[in-house]
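In case you want the letters, here they are:
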Amino acid sequence: MASLFSRAPIGQRSAVNEGALTRIALVLTAVVFLALFLIMPLVLVFVEAFRQGAGAYLEALKEPDALSAMRLTVTVAIIAVPLNVVFGLAASWAIAKFEFRGKNLLISLIDLPFSISPVISGLVWVLLFGSHSVLSPWLQAHDIQILFALPGLVLATMFVTFPFVARELIPLMQEQGTTDEEASLSLGASGLQTFWHVTLPNVRWALVYGVLLCTARAIGEFGAVSVVSGHIRGKTNTLPLHVEILYNEYSFVGAFAVASVLALLALVTLGIKAVLEWRYGNQLASGHRH
Amino acid sequence: MRISIRNVTKQFDRFPALGGVSLEIGSGELVALLGPSGSGKTTLLRSIAGLEHPSSGQILFDGEDVSNLSVGQRRIGFAFQSYALFRHMTVLSNVSFGLKVRPRKTRPSRAEIRARALELLDLVQLGGLEGRFPSQLSGGQRQRVALARALAIEPRVLLLDEPFGALDAKVRKELRRWLRQLHDRLGLTTIFVTHDQEEALELADRVVVMNKGEIEQAGTPVEVYDDPATAFVSEFLGTVNTFQTTLNDGIAEVLGTEFPVADADPGEGPQRRHGPAIAYVRTHEIELLSRERAEGIPAIVRAVFPFGGAIRVELAVEGYDMPIQVEVPRAFFEAGEVQVNSGLFIRATNARVFPQYN
Amino acid sequence: MASAGSRGKRRVIPGFGISLGFTIVYLGLIVLIPLAGLVLRSAGLGWSELYRIATDLRTVNAIWLSVWTAFIAATINVPFGVLVAWVMVRYRFPGRRILDAAVDLPFALPTAVAGIALTALYAPNGWVGAYLEEWGIKAAYTPLGIVIALTFIGLPFVVRTVQPLMEDIDKEVEEAAATLGAGRFQTVRRVILPAILPAVITGFALAFARAIGEYGSVVFIAGNIPYVSEIAPLLIIIRLEEYNYAGATTVATLMLLISFTLLIVINAIQAMTRRRYGSG
Chain W
2 MASLFSRAPI
12 GQRSAVNEGA
22 LTRIALVLTA
32 VVFLALFLIM
42 PLVLVFVEAF
52 RQGAGAYLEA
62 LKEPDALSAM
72 RLTVTVAIIA
82 VPLNVVFGLA
92 ASWAIAKFEF
102 RGKNLLISLI
112 DLPFSISPVI
122 SGLVWVLLFG
132 SHSVLSPWLQ
142 AHDIQILFAL
152 PGLVLATMFV
162 TFPFVARELI
172 PLMQEQGTTD
182 EEASLSLGAS
192 GLQTFWHVTL
202 PNVRWALVYG
212 VLLCTARAIG
222 EFGAVSVVSG
232 HIRGKTNTLP
242 LHVEILYNEY
252 SFVGAFAVAS
262 VLALLALVTL
272 GIKAVLEWRY
282 GNQLASGHRH
Chain E
10 MRISIRNVTK
20 QFDRFPALGG
30 VSLEIGSGEL
40 VALLGPSGSG
50 KTTLLRSIAG
60 LEHPSSGQIL
70 FDGEDVSNLS
80 VGQRRIGFAF
90 QSYALFRHMT
100 VLSNVSFGLK
110 VRPRKTRPSR
120 AEIRARALEL
130 LDLVQLGGLE
140 GRFPSQLSGG
150 QRQRVALARA
160 LAIEPRVLLL
170 DEPFGALDAK
180 VRKELRRWLR
190 QLHDRLGLTT
200 IFVTHDQEEA
210 LELADRVVVM
220 NKGEIEQAGT
230 PVEVYDDPAT
240 AFVSEFLGTV
250 NTFQTTLNDG
260 IAEVLGTEFP
270 VADADPGEGP
280 QRRHGPAIAY
290 VRTHEIELLS
300 RERAEGIPAI
310 VRAVFPFGGA
320 IRVELAVEGY
330 DMPIQVEVPR
340 AFFEAGEVQV
350 NSGLFIRATN
360 ARVFPQYN
Chain Z
291 MASAGSRGKR
301 RVIPGFGISL
311 GFTIVYLGLI
321 VLIPLAGLVL
331 RSAGLGWSEL
341 YRIATDLRTV
351 NAIWLSVWTA
361 FIAATINVPF
371 GVLVAWVMVR
381 YRFPGRRILD
391 AAVDLPFALP
401 TAVAGIALTA
411 LYAPNGWVGA
421 YLEEWGIKAA
431 YTPLGIVIAL
441 TFIGLPFVVR
451 TVQPLMEDID
461 KEVEEAAATL
471 GAGRFQTVRR
481 VILPAILPAV
491 ITGFALAFAR
501 AIGEYGSVVF
511 IAGNIPYVSE
521 IAPLLIIIRL
531 EEYNYAGATT
541 VATLMLLISF
551 TLLIVINAIQ
561 AMTRRRYGSG
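Protein chains in written order, with the working numbering: chain W, 2 to 291; chain E, 10 to 367; chain Z, 291 to 570.
In isolation and in its complexed conformation, chain W is listed as follows (with noise of 0.2 Å):
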């Protein structure tokens, strides 16, 4: 039994060691109440979207309003995330390879839509496109809908997710600085075939790594999404707002297959996560090597 809870290799030094004893009541502590709390509610969702049978569950899949809302979210992601990759490569070069005055500032408020409720990141459309606002003449007159409507989704889901890849890619090509640049420029390399073969390459992983999160949150985001899509059943209904209707709706093996469908992407987003981290740590932020 203490063999198979033994020490990290690191250090097998008696005189930094706890205890074979305490060391399984430390793993067994932190295996059970991550089991409970974590794995648990995941392996329910799976449960209660099979409690009544395979044929069940794939008929709840099939639904139209589960297929259109299937469609709507990757519509969403789609559009959402390759906006924000765009804008975490010119962001993360502004501020890697320059020196200016405010660069902090920058940082601080490019993750600034991380420290904000959902909830908010919604409301800030609504009040600026809503019945109320000074906008609201203007985009009647002339017909078009941003509210209650694929924009206002996109809209909210960009605000949400808009850290994501800048994220990944500062603190990383702050590490690496700028002597690969200025190696391929002393080469005769241009300034665009600098970015794209030198450093492109160089972040390429980090950069797979922040459109995986941001593409993982764009999914799933629900609470900004609920504020802006008016729940209009088969036209601005993501899956996530559709497992609420269903849920609401007591249609709870619906709601789980749905929910499972979501958890399985939840899933696959931790396995290439992991996989990332374990392949190419050493290509991320600092802060995902393991």
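If you're looking for bench data, these hints aren't it; they were derived computationally from the structure. All values derive from a computational prediction rather than experimental measurement. Cβ atoms here follow ideal geometry from the backbone N, Cα and C, with glycine treated the same way. Any given hint could be a false lead.
Listed next, with one range per pair, are the computed distances between beta-carbon atoms [what the hints assert, rightly or not]: (1) L140/W / N534/Z: 18 to 26 Å; (2) R382/Z / R234/W: 32 to 40 Å; (3) A142/W / G334/Z: 18 to 26 Å; (4) R382/Z / N350/E: 56 to 64 Å; (5) I273/W / G385/Z: 51 to 59 Å; (6) P83/W / G336/Z: 38 to 46 Å; (7) I388/Z / P83/W: 54 to 62 Å; (8) P83/W / A561/Z: 33 to 41 Å; (9) R234/W / L483/Z: 48 to 56 Å; (10) G334/Z / L193/W: 39 to 47 Å.
Every beta carbon over 12 Å from chain W, so not counted as near; a handful from chain Z, in silico [as the list claims (entries may be wrong)]: (11) R342; (12) L347; (13) N557.
Derived list of chain W stretches under chain Z, where covered just means 3 residues or more per stretch with a C-beta under 8 Å from a C-beta of chain Z [said to hold, decoys possible]: (14) 36 to 45; (15) 61 to 75; (16) 95 to 106; (17) 137 to 143; (18) 223 to 236.
Got chain W; can you put chains E and Z on it based on the hints?
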């Protein structure tokens, strides 16, 4: 190619990195920029490369002002201290990078690029390693890849920033010899930055000693070593003993012997001939005299380090706080004259005396 | 030498203007202008109106509920988060990698999914709720349920902030403590804990900040009874549904104030840590 640096200054946010540096570098010369960290040597090298834009002054390549050319336009070969090899590219791709990024008009064909790169890898004795990635190479091999990559663009000048800084002592010596041979073979004007005086003195045709953003002295290794122009150079090169002394009509006494004040620094105005002064005496410029001949100053041996051809001895002399370091030939030590706690007499055979300002 | 200054400032690496320009424009359009709109709206209400809504009992109760449940959840996460981080960094046991990856589950799992799962789990007929019921404890549809959901959400913040710092602790420092005669417990208490303390505080603050604004995982389990189990973000949505923009704006502004205060505290801790230990 000739390089002229004319009155170049560089002001960083808070401090001046270069304060009006002028230097002429002849075609085919191998020049070392030597100085402690913060002396401005790297800033000067980067300014020549175009990686740093001077605040004022001019840099000329063969008489042509390149101050307004970008680093890519200057056609310089720059080897970075960290090598800056592109880690996701093979050795071959690294070396051919500079040719591949050329505009289509001037870009050689794929086959030509490959052939040139392989040829350069042979030149730096890395033939056969073209498929490796930088992480699969030793430090010395990486440095040579960096050199081959810089040479691939047929640079007009080779600029090396601390080329051996990250290597262990043995590899460093080998690479140094190899770089000298390479330079002699290619005849390329080469400038390298180092803080290692041995490296500068052994490798360079000319050594430029820098301190606080200014050039203290530029000359052949023998000139700067034997005839240091300033107090800084005297102290920076070789192992020296430092003595506080007083100038009296241009003459100062050091360990019982009188020495004249050093020649005035040109441009500094007339040298002061009276007042406090500082004298530098190299460890081999102090003679140990046997007890019978009562010349010089009495001293007591505190420690002996009997390793190598010259033996290092530490002596205590009354009136001097610091132990005095002396190097004596091994034969002298083997004669049995030098033993810990034995007394003997010492005399300075040479000293460089500089008036002390402020 | 008039041009000298500008020449010295010229940048060697290209693309500064365009990348910074794009960054600022995009940041402005997506984040700053919408946020400024919120602030302007609340400023437009005037002090007396703002004060009236802010001191409205339902508003006060909602914000207070969000704050204290978030605080308790973050507090629970400190010992458990440190324990999990310790076990992951210091020990090797079967399934460690999987559990380590699972710590991020609350980050990855959409909050709505977490919300319905936790509710089903802690409802009186749920797997855990049924046990609690026997002890006379009601979890779902009470503030306790809110605390559970917020603890779930906050755990990775503490673990992931503490973990890298724990990995960085130099083994030799612990050995030094041992050679100086410190027992294992003393070493942990006097050497390791102080070293990770800034990270623990940062992790706590991050979990706290996130929990105050959390919505998705809480609404299902909270019960949403006004004055009792109605959290601040939900109140914003309720006000919006009533077309009471002033009410929604005021609650949002109050929450923003709390978030920014926390943000400043977190930054101050990190700046202090960097100054003292040379790295954050």
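The hints, checked one at a time:
1. L140/W / N534/Z: 18 to 26 Å: holds (22 Å)
2. R382/Z / R234/W: 32 to 40 Å: 50 Å Cβ-Cβ, so the 32 to 40 Å window is violated.
3. A142/W / G334/Z: 18 to 26 Å: holds (23 Å)
4. R382/Z / N350/E: 56 to 64 Å: holds (58 Å)
5. I273/W / G385/Z: 51 to 59 Å: Because 19 Å falls outside the window, the suggested range is violated.
6. P83/W / G336/Z: 38 to 46 Å: holds (42 Å)
7. I388/Z / P83/W: 54 to 62 Å: violated (32 Å)
8. P83/W / A561/Z: 33 to 41 Å: holds (34 Å)
9. R234/W / L483/Z: 48 to 56 Å: Holds - the Cβ-Cβ distance for R234/W and L483/Z, about 53 Å, lies within 48 to 56 Å.
10. G334/Z / L193/W: 39 to 47 Å: Given about 46 Å between the Cβ atoms, the range holds.
11. R342: holds (19 Å)
12. L347: holds (21 Å)
13. N557: Given that some Cβ of chain W is not farther than 12 Å from that of N557/Z, nearest at about 7 Å, it is violated.
14. 36 to 45: holds (count 8)
15. 61 to 75: This one is violated; 0 residues, fewer than the three required, reach chain Z with a Cβ under 8 Å.
16. 95 to 106: Per the Cβ count (5), the hint holds.
17. 137 to 143: With 0 residues close enough to chain Z, the hint is violated.
18. 223 to 236: holds (count 4)
Going down the numbered hints, you'll see the structure goes against 2, 5, 7, 13, 15 and 17, while the others check out.
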